[in-house]
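Participant: My request is simple: use the sequences and hints to build the entire structure.
Just so you know, we're using UniProt numbering here: the sequence shown kicks off at 1 and counts up by one.
Keep in mind the hints are simulated off the structure, nothing from the lab.
The C-beta atom is built at its ideal place from N, Cα and C for all residues, glycine as well.
Incorrect hints may have been included.
[To be verified] Simulated restraints on C-beta separations:
(1) A346 to Q372: 16 to 26 Å
(2) S97 to K351: 36 to 46 Å
(3) G371 to K275: 30 to 40 Å
(4) T142 to S349: 39 to 49 Å
(5) D143 to T215: 41 to 51 Å
(6) T229 to T374: 48 to 58 Å
(7) Q372 to S349: 22 to 32 Å
(8) P376 to D127: 21 to 31 Å
(9) S190 to S305: 27 to 37 Å
(10) T215 to G371: 36 to 46 Å
(11) F352 to T129: 28 to 38 Å
(12) R218 to E241: 18 to 28 Å
(13) P260 to S96: 31 to 41 Å
[Said to hold, decoys possible] Derived DSS-like pairs: lysine-lysine, alpha-carbon spacing no greater than 27 Å straight-line:
(14) K116 to K102
(15) K243 to K116
(16) K147 to K102
(17) K116 to K103
(18) K103 to K243
(19) K247 to K351
(20) K194 to K147
(21) K275 to K351
(22) K116 to K147
(23) K103 to K194
(24) K100 to K147
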Amino acid sequence: MRSTLSSLSVILLSMDLCKGDAPTHTLVRVSHRGAPVDIRHVPLMMAQAATAGVQIVHSDECSVSHVQFLEYLQKAAVESNLERIRIGEAWRLIESSKRKLKKVVLAILDTGVNMKHPDLVNQFWRDPTTGSIGFNFADNNTDVTDKDGHGTWCAGIAGAETNNSIGVAGVANVQLMILKWGDGAGDRLSNALKALDYALRMGATVSSHSYRSETGSRIFEAAMAKAATTGHIAVVGAGNEAKNLDKNPVYPCSIARTIPSMLCVAASPSSTTSKAAITSWSNVGAATQIAAPGVDIYSTDRSGSYGWSYGTSASTPQVAAVAALMAALGLQGQDITDAITRSRTAGLSNKFNVPDVGELDALNAVKIALGQPTSPPRASTTPAASPGDVTA
Numbered sequence: 001m002r003s004t005l006s007s008l009s010v011i012l013l014s015m016d017l018c019k020g021d022a023p024t025h026t027l028v029r030v031s032h033r034g035a036p037v038d039i040r041h042v043p044l045m046m047a048q049a050a051t052a053g054v055q056i057v058h059s060d061e062c063s064v065s066h067v068q069f070l071e072y073l074q075k076a077a078v079e080s081n082l083e084r085i086r087i088g089e090a091w092r093l094i095e096s097s098k099r100k101l102k103k104v105v106l107a108i109l110d111t112g113v114n115m116k117h118p119d120l121v122n123q124f125w126r127d128p129t130t131g132s133i134g135f136n137f138a139d140n141n142t143d144v145t146d147k148d149g150h151g152t153w154c155a156g157i158a159g160a161e162t163n164n165s166i167g168v169a170g171v172a173n174v175q176l177m178i179l180k181w182g183d184g185a186g187d188r189l190s191n192a193l194k195a196l197d198y199a200l201r202m203g204a205t206v207s208s209h210s211y212r213s214e215t216g217s218r219i220f221e222a223a224m225a226k227a228a229t230t231g232h233i234a235v236v237g238a239g240n241e242a243k244n245l246d247k248n249p250v251y252p253c254s255i256a257r258t259i260p261s262m263l264c265v266a267a268s269p270s271s272t273t274s275k276a277a278i279t280s281w282s283n284v285g286a287a288t289q290i291a292a293p294g295v296d297i298y299s300t301d302r303s304g305s306y307g308w309s310y311g312t313s314a315s316t317p318q319v320a321a322v323a324a325l326m327a328a329l330g331l332q333g334q335d336i337t338d339a340i341t342r343s344r345t346a347g348l349s350n351k352f353n354v355p356d357v358g359e360l361d362a363l364n365a366v367k368i369a370l371g372q373p374t375s376p377p378r379a380s381t382t383p384a385a386s387p388g389d390v391t392a
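Facilitator: So, in C-alpha cells, the structure goes:
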C-alpha cells in the first residue's frame with residue numbers, strides 16, 4: 001500500500017451499480033495484466049466517474065456501467081482491512097519522514113507457502129548458507145510447499161508485494177521467513193517449538209502464529225519466555241470459538257498474560273463503516289489487548305491466485321506485520337509491543353465485557369515510532385456484521 005496515484009496505470013472496470021446497500025455493490029471480476037482479481041464492496045466514490053460517464057439508475061434494477069479505476073484504489077476496495085488499520089496513511093507518513101528503514105525478517109509459522117506465487121516470490125528471506133526460504137519441520141527438509149492453503153493466505157496478508165500492479169498488497173514490506181510445522185490437521189506442537197527456535201537462531205525479529213491448542217505446555221511457555229528475553233516479538237491468534245479466554249484458556253494466546261511483550265490478537269470487522277467491536281465469534285480475554293480485522297480478508301492462495309477467508313488467523317499477521325514495521329523504524333523488544341498497544345483505538349465492545357481490548361491503528365503506531373503526536377481514527381458508523389461461517 002505504498003503506491004502513489006501518479007505512478008499507477010488505469011484499468012477499465014465493468015461494475016454493477018445498484019440501488020440499495022450503497023455504497024457497496026456486487027462482486028465483479030476483472031483481469032488485470034493477466035491476473036484475475038475479485039472485487040466486492042466497491043464504494044462508488046472510489047471510481048473516477050468524471051471521465052467515465054457513469055450512469056446510475058435510481059431504481060431497484062442494476063445497470064452495467066464502465067468506470068476508470070485506479071490500481072491503488074482497487075486494492076483498497078478489495079482489502080478494506082488495510083484502510084481500516086490505516087496502513088496506507090502510515091506508509092505515506094514513513095515516506096514523508098525520510099526515515100531509513102532497517103531490514104527486518106518476519107517468520108510465518110504455519111502450513112508453508114506457495115513458493116512461486118507472483119505476489120510473494122520476491123518477498124522471501126533466504127538462508128545465507130542453503131538459500132532456502134525457511135524450513136519444513138513436519139518433514140525435516142527445506143520444502144515448505146503449502147498443501148493446506150492457510151500459510152499462503154497468512155503470508156500474503158502480512159507481506160504480499162506492493163507496487164507490482166497485481167493482486168493484493170501486504171501490510172509491511174519485510175522479508176518473510178517461512179517455517180512449516182504442519183499441514184493443518186494432526187499437527188505436532190513440538191514442531192512449532194522447533195520452528196520458533198529456528199526463527200530465533202536465524203534472526204527473525206517477529207513471528208506470526210495463527211494456530212491454537214486447547215492444552216498448555218510448560219515447555220511451550222518457557223520457549224515463548226526465552227524468545228521475549230531476546231527481544232523477539234511473538235504475535236499469536238486468539239482463536240474463533242467465541243470463548244471467554246479468562247475461563248477457557250487456549251494456547252499460545254493465554255501465555256501472553258504472563259509475557260508482556262507477547263501479543264495475542266482478537267478479530268474485529270474489516271469494513272471501514274463497521275462499528276469498532278470484537279466479532280461475535282472471536283475468542284477474547286485479558287490476554288487479548290489488541291484486535292485487528294478478521295472478516296472477509298482477501299489474500300494470496302496456494303493455487304497461485306487469491307481468495308477470501310475469515311478468522312483471527314487473518315488478524316494475527318496484520319499485527320505481526322505492523323510489529324515488524326516498528327522494528328524497521330528502529331524500535332526494539334518491549335518498545336515494539338508498547339507502540340502497538342499505545343496506538344490502539346478505545347476499548348472494543350465484546351460479548352464477555354472484557355475491558356482494555358483495542359483495535360490496531362498502524363498510523364498511530366508509526367507516529368509513536370517517529371515521536372509524533374497520535375491522531376484519532378476515522379469514526380465508524382454502522383454496527384459490526386457477523387461474517388457467517390469461520391473458515392480460518
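Participant: Each hint: holds or not?
Facilitator: Evaluated hints:
1. A346 to Q372: 16 to 26 Å: Between A346 and Q372, where Cβ atoms are some 20 Å apart, the hint holds.
2. S97 to K351: 36 to 46 Å: holds (40 Å)
3. G371 to K275: 30 to 40 Å: At roughly 31 Å between Cβ atoms, K275 and G371 fall inside 30 to 40 Å, so the hint holds.
4. T142 to S349: 39 to 49 Å: Given range 39 to 49 Å: holds, Cβ gap about 45 Å.
5. D143 to T215: 41 to 51 Å: The hint (41 to 51 Å, Cβ to Cβ) is violated, given that D143 and T215 are roughly 29 Å apart.
6. T229 to T374: 48 to 58 Å: violated (29 Å)
7. Q372 to S349: 22 to 32 Å: Given range 22 to 32 Å: holds, Cβ gap about 29 Å.
8. P376 to D127: 21 to 31 Å: violated (43 Å)
9. S190 to S305: 27 to 37 Å: holds (33 Å)
10. T215 to G371: 36 to 46 Å: Holds, at about 43 Å.
11. F352 to T129: 28 to 38 Å: violated (48 Å)
12. R218 to E241: 18 to 28 Å: With Cβ atoms ~24 Å apart, the hint holds.
13. P260 to S96: 31 to 41 Å: Between P260 and S96, where Cβ atoms are some 32 Å apart, the hint holds.
14. K116 to K102: With Cα atoms ~26 Å apart, K116 and K102 stay inside 27 Å; holds.
15. K243 to K116: violated (37 Å)
16. K147 to K102: Between K147 and K102 the Cα gap is close to 33 Å, so the pair fails against 27 Å, i.e. violated.
17. K116 to K103: Measuring from Cα to Cα gives roughly 22 Å; hence the hint holds.
18. K103 to K243: Outside the cut-off at roughly 38 Å; violated.
19. K247 to K351: holds (14 Å)
20. K194 to K147: Judged against 27 Å, a Cα distance of about 20 Å means the pair holds.
21. K275 to K351: holds (14 Å)
22. K116 to K147: holds (14 Å)
23. K103 to K194: Status holds; Cα separation ~24 Å.
24. K100 to K147: Distance ~37 Å between K100 and K147 Cα, so the pair is violated.
Of the numbered hints listed earlier, those contradicted by the structure are 5, 6, 8, 11, 15, 16, 18 and 24.
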